[in-house]
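**Q** Just so you know, we're using my numbering here: the sequence shown kicks off at 214 and counts up by one.
The hints are simulated quantities; they were obtained by calculation from the structure and are not laboratory data.
Don't take every hint at face value.
[As the list claims (entries may be wrong)] DEER-style ranges, computed between Cβ atoms:
#1 H239 / V278: 25 to 33 Å
#2 T275 / A234: 34 to 42 Å
#3 L243 / E272: 20 to 28 Å
#4 L238 / Q270: 32 to 40 Å
#5 V278 / Q245: 18 to 26 Å
#6 P231 / Q271: 43 to 51 Å
#7 R274 / L243: 21 to 29 Å
#8 I252 / R228: 34 to 42 Å
#9 T269 / G232: 43 to 51 Å
#10 R228 / Q270: 45 to 53 Å
#11 E277 / Q245: 13 to 21 Å
#12 A257 / A234: 28 to 36 Å
Glycine residues also receive a C-beta, built at the ideal position from the N, C-alpha and C atoms.
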Amino acid sequence: MDREVGRGDKVVYSRTEPGQAEEALHQCQLIQKLVDISISSLQALRTKCAATNDLTQQEIRTLEVQR
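Whole structure, please, built from the sequences with the hints as guidance.
**A** Okay, here's the thing in structure tokens:
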């Protein structure tokens, strides 16, 4: 199936089979779940750990940069 996708002033033509689109959507959903888990972990670090500890603050910064 040909489809026009607008991107700014350019038009991209894509040929995607329905199964491929569903697989891509599934992959995006899995990645979003991983992002959500990472966010939850970071929030837990901020609320449950003593953020005054220099090591803990550095660990939080390191994880935030990796997101």
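**Q** Decide, hint by hint, whether the structure agrees.
**A** Results of checking the hints against the structure:
1. Taking the beta carbon of each, H239 and V278 are about 28 Å apart, inside 25 to 33 Å as hinted.
2. Between T275 and A234 the beta carbon distance is about 36 Å. The supplied range of 34 to 42 Å therefore holds.
3. Take L243 and E272: their Cβ atoms lie about 26 Å apart, and the range 20 to 28 Å holds.
4. The given range of 32 to 40 Å is respected by L238 and Q270, whose C-beta atoms sit roughly 38 Å from each other.
5. A beta carbon spacing of about 20 Å between V278 and Q245 agrees with the range 18 to 26 Å that was offered as a hint.
6. Range check, P231 to Q271: Cβ separation about 47 Å, and the 43 to 51 Å hint holds.
7. The hint said 21 to 29 Å for the Cβ distance between R274 and L243, and at roughly 27 Å that hint holds.
8. Distance hint for I252 and R228: a CB-CB separation of about 35 Å, consistent with the stated range 34 to 42 Å.
9. Look at T269 against G232: about 46 Å separates their beta carbons, and that is inside 43 to 51 Å.
10. For R228 paired with Q270, a C-beta distance near 49 Å keeps the hint of 45 to 53 Å intact.
11. Between E277 and Q245, the C-beta spacing of about 18 Å keeps the proposed range 13 to 21 Å intact.
12. For A257 and A234, the hinted distance range of 28 to 36 Å is satisfied, since their beta carbons lie about 35 Å from each other.
Violated hints for the displayed structure: none, as all numbered hints are satisfied.
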